[in-house]
Amino acid sequence: MTDTTLPAPMPVEEQATGKLAQSRRSLAVRLLIPAQVLLVFIVAFPLIMQIFISLTWWTPLDGDPWYLAWMSWNWFDNYTYLMQDDGLWGSVGRTLLFVAVAVPIEFFLGLTLAALFYEGVLGRPVLYSLILMPMMIVPAVAGYIFFLIFQQTGPLNSALSVLWPGMLDVNWLNDTTRAFVAVVIADVWQWTPLMFLILFAGLMSVPEDQMRAATILGANWRQRFFRIALPRIKTVIAIAIGLRVIECFKIFDMLFVMTGGGPGVATESLSLFLYKRTFQDLEWSYVASIGITVLVALSVLTAVLMARVKKKDAR
Amino acid sequence: MASVTLEGTSKKFGDFIAVRNMNLAIKDAEFVAILGPSGCGKSTTMNMIAGIEDVSAGTIRFDGTDVTNVPMKKRGVGFVFQNYAIFTHLSVRKNLAFGLEVRGEEQAEIDRRVGEMAEFMELSHRIDAPSVSLSVNELQKLAIGRSAIVEPSIFLLDEPLSNLDSAFRERMRSDLRQLQRSLNQTMIYVTHDQIEAMGLADRIAVMDHATLQQFDTPENIYSRPENTFVAGFIGAPSMNLVRVRIAERGGAMFADLAGREADAVALDERLARQARASGAAALTFGFRPEHLRISDQPGNGSLAAQVVLVELVGRRKHVHFSTGQTGFVGSFDRGVSLRPGEAAHVSIDLRKSHLFDPETGLRLRLGEED
Chain A
1 MTDTTLPAPM PVEEQATGKL AQSRRSLAVR LLIPAQVLLV FIVAFPLIMQ IFISLTWWTP
61 LDGDPWYLAW MSWNWFDNYT YLMQDDGLWG SVGRTLLFVA VAVPIEFFLG LTLAALFYEG
121 VLGRPVLYSL ILMPMMIVPA VAGYIFFLIF QQTGPLNSAL SVLWPGMLDV NWLNDTTRAF
181 VAVVIADVWQ WTPLMFLILF AGLMSVPEDQ MRAATILGAN WRQRFFRIAL PRIKTVIAIA
241 IGLRVIECFK IFDMLFVMTG GGPGVATESL SLFLYKRTFQ DLEWSYVASI GITVLVALSV
301 LTAVLMARVK KKDAR
Chain B
316 MASVTLEGTS KKFGDFIAVR NMNLAIKDAE FVAILGPSGC GKSTTMNMIA GIEDVSAGTI
376 RFDGTDVTNV PMKKRGVGFV FQNYAIFTHL SVRKNLAFGL EVRGEEQAEI DRRVGEMAEF
436 MELSHRIDAP SVSLSVNELQ KLAIGRSAIV EPSIFLLDEP LSNLDSAFRE RMRSDLRQLQ
496 RSLNQTMIYV THDQIEAMGL ADRIAVMDHA TLQQFDTPEN IYSRPENTFV AGFIGAPSMN
556 LVRVRIAERG GAMFADLAGR EADAVALDER LARQARASGA AALTFGFRPE HLRISDQPGN
616 GSLAAQVVLV ELVGRRKHVH FSTGQTGFVG SFDRGVSLRP GEAAHVSIDL RKSHLFDPET
676 GLRLRLGEED
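Chains A and B, in that order, are what the protein sequence lines are. To convert, note that position 222 of the first sequence is 222 in the numbering used here; the numbers rise steadily by one, no gaps. To convert, note that position 352 of the second sequence is 667 in the numbering used here; the numbers rise steadily by one, no gaps.
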């Protein structure tokens with residue numbers, strides 16, 4: 001940055017007078033001001049505004065503009081409240097459980113598919129586009145599809161009633177456990193393809209010579225896969241799982257359409273919880289305090305992780 | 316240990332013929348080089364022997380047993396890839412142990428044999444190092460050791476020295492030869508470098524355009540090339556191949572260079588008989604640059620030629636001559652004093668020269684002794 005914005009090194013006599021150098025530097029500073037102001041406005045202003053609001057009882061229902069929020073100043077009441085809010089922590093717990101269940105299933109299914117494709121299954125080109133299709137469907141639409149599938153008189157029950165006649169009456173989305181299972185199934189259906197795509201690309205990058213060398217040394221399919229291919233795509237696996245964990249943690253649209261977070265709060269994710277607090281209850285100052293808390297928590301987590309990575313690199 | 320036999324082996328990729336009707340009988344514990352220019356089918360031949368490529372036609376036998384349809388992991392060959400294909404995510408020890416581990420050997424046995432092989436390959440001091448940290452020569456030793464540890468009956472090496480710089484290649488060449496002696500295994504070695512092939516192999520299979528040109532000892536490949544391709548491919552500088560008109564004058568046979576009577580070479584008895592037997596009016600005359608002598612006086616059967624260019628190559632001087640109509644190259648000790656533009660009288664050692672059929676490229680021969 002400095003190289004491009006500051007003037008080139010000057011001859012000695014000019015540096016000696018110093019006057020010209022100073023005027024050039026002040027010109028550079030002046031030229032930079034608009035960009036700096038914009039940056040402050042984009043980054044700092046919303047942050048400060050959030051912190052400000054989160055320290056009040058303010059809600060748009062008061063009829064006062066946000067800058068008058070100081071009138072209902074409450075210091076840290078929102079923060080103490082959120083620490084004890086079962087609704088919030090319940091949604092966090094459910095979201096974590098959802099991530100912990102859905103992502104591993106997606107990983108193992110994706111890895112199995114990738115392994116099958118890598119060894120070459122019949123009809124690969126057709127299967128390939130078929131497998132990738134769910135990923136291309138808008139999550140809300142996918143949610144709607146599964147909403148229909150899991151209805152009491154939906155196609156799933158019709159199919160199951162052929163196998164177990166008694167199952168016909170089950171309403172999937174009305175039962176807390178079953179609704180959770182249904183949501184996991186929908187997410188697995190939609191996002192296994194992404195897992196597959198990333199892992200398959202990883203497998204394709206394993207040098208063919210090494211696989212051949214392993215074969216010639218007598219390794220069978222399983223040994224080649226677990227001893228050569230898999231260890232070589234560790235980073236790719238980490239990226240795939242990381243991506244899915246982040247995405248899954250933010251899940252909103254599919255749940256919103258399929259269950260609306262219900263029955264009760266059985267499938268209410270953190271995003272859905274925040275949505276309801278913001279647009280149904282209009283508790284904006286409370287939501288602001290949650291936002292700040294999440295920001296601080298994530299910053300700490302990232303700093304810790306970065307420090308570990310740096311330590312590992314140093315070794 | 317095993318012999319390798321290829322009987323009418325061919326490989327086609329679609330319409331492209333990579334290897335055509337290959338017949339090759341490699342003896343037990345023999346060191347054979349498959350030599351040829353890029354794209355001649357030498358690597359494909361090797362891959363077929365290893366089982367990496369299927370065979371389109373013909374048979375491959377190991378020790379007389381047909382292995383044409385045996386999958387590569389059951390053929391029991393060792394294969395050293397051009398880029399070594401080291402498992403870079405594993406340590407040296409794990410690389411060496413790989414072949415034994417996948418065979419389910421006892422851990423104690425694995426440890427013992429890995430230790431022995433590391434000792435033999437002089438890798439003991441790096442045994443627990445990550446394999447990515449190895450130098451090129453260590454990588455090569457590791458690649459060979461990793462294959463040798465499962466005691467394959469046949470060892471295949473795909474241009475293993477081509478990644479090395481020339482000084483180092485020299486050393487690895489002798490190491491490789493010693494290794495083959497101590498392992499006492501059949502080794503097949505693919506290369507495009509004739510110096511490597513000449514220096515290492517018991518016998519050389521020269522290939523060009525998907526076809527085996529000659530399979531013989533390095534000495535015979537050099538001194539008795541089967542055809543003009545082998546003659547031109549082997550040797551640096553390569554054999555001079557000059558079009559000549561065969562004429563009989565006064566009871567003697569002459570080869571007129573480029574059809575000029577003034578540049579006639581009187582043929583000796585052997586070449587004269589060959590020329591007569593062929594009955595052809597035009598032939599290709601082949602003589603090696605090393606087999607020329609020069610004098611400043613015209614001598615018996617010498618050619619008058621002009622020096623065009625003198626190259627100094629190591630201890631040798633390569634001299635390009637012109638007779639006006641045709642040119643050829645001579646290779647002399649660097650002590651010889653010749654300058655471009657000078658006239659010289661050149662005589663050819665006919666006992667070491669050959670005549671080739673210009674149509675088929677085959678060397679003329681009368682009996683087995685030729």
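Some clues are possibly wrong.
From chain A, some residues computed to sit far from chain B (all C-beta separations above 10 Å) [what the hints assert, rightly or not]:
| no. | residue |
| --- | --- |
| 1 | F76 |
| 2 | I105 |
| 3 | R212 |
| 4 | A213 |
| 5 | I216 |
| 6 | L217 |
| 7 | V245 |
| 8 | K311 |
No more than 25 Å apart at the CA atoms, straight line, and that leaves these computed lysine to any residue pairs for SDA-like [said to hold, decoys possible]:
| no. | chain 1 | residue 1 | chain 2 | residue 2 |
| --- | --- | --- | --- | --- |
| 9 | A | K234 | B | H404 |
| 10 | B | K327 | A | I237 |
| 11 | B | K667 | B | D443 |
| 12 | A | K310 | B | V417 |
| 13 | B | K409 | A | I237 |
| 14 | B | K389 | A | L295 |
| 15 | B | K389 | A | V206 |
| 16 | B | K388 | A | P207 |
| 17 | A | K312 | B | T403 |
| 18 | B | K388 | B | D330 |
| 19 | A | K311 | B | H404 |
| 20 | A | K234 | B | M513 |
| 21 | B | K632 | B | Y537 |
| 22 | A | K234 | B | D443 |
| 23 | A | K310 | B | S406 |
| 24 | A | K312 | B | K409 |
| 25 | B | K632 | B | A619 |
| 26 | A | K310 | B | V447 |
| 27 | B | K409 | B | Y537 |
| 28 | B | K409 | A | V236 |
| 29 | A | K234 | B | H635 |
| 30 | A | K310 | B | A344 |
Just so you know, the hints here were simulated from the structure itself, not pulled from any lab data. Bear in mind that the values here come from a model prediction, so they are computed numbers and not experimental data. Where a beta carbon is used, it is the ideal one built from N, C-alpha and C, also for glycine.
Going through the hints against the structure:
no.	hint	in the structure
1	F76	holds, 51 Å
2	I105	holds, 27 Å
3	R212	violated, 6 Å
4	A213	violated, 4 Å
5	I216	violated, 5 Å
6	L217	violated, 4 Å
7	V245	holds, 24 Å
8	K311	holds, 19 Å
9	A:K234 x B:H404	holds, 10 Å
10	B:K327 x A:I237	violated, 39 Å
11	B:K667 x B:D443	violated, 56 Å
12	A:K310 x B:V417	violated, 36 Å
13	B:K409 x A:I237	holds, 23 Å
14	B:K389 x A:L295	violated, 58 Å
15	B:K389 x A:V206	holds, 23 Å
16	B:K388 x A:P207	holds, 18 Å
17	A:K312 x B:T403	holds, 19 Å
18	B:K388 x B:D330	violated, 28 Å
19	A:K311 x B:H404	holds, 20 Å
20	A:K234 x B:M513	violated, 45 Å
21	B:K632 x B:Y537	holds, 20 Å
22	A:K234 x B:D443	holds, 21 Å
23	A:K310 x B:S406	holds, 23 Å
24	A:K312 x B:K409	holds, 23 Å
25	B:K632 x B:A619	holds, 19 Å
26	A:K310 x B:V447	holds, 21 Å
27	B:K409 x B:Y537	violated, 44 Å
28	B:K409 x A:V236	holds, 23 Å
29	A:K234 x B:H635	violated, 60 Å
30	A:K310 x B:A344	violated, 53 Å
In this structure, the hints that do not hold are numbers 3, 4, 5, 6, 10, 11, 12, 14, 18, 20, 27, 29 and 30, in rising order.
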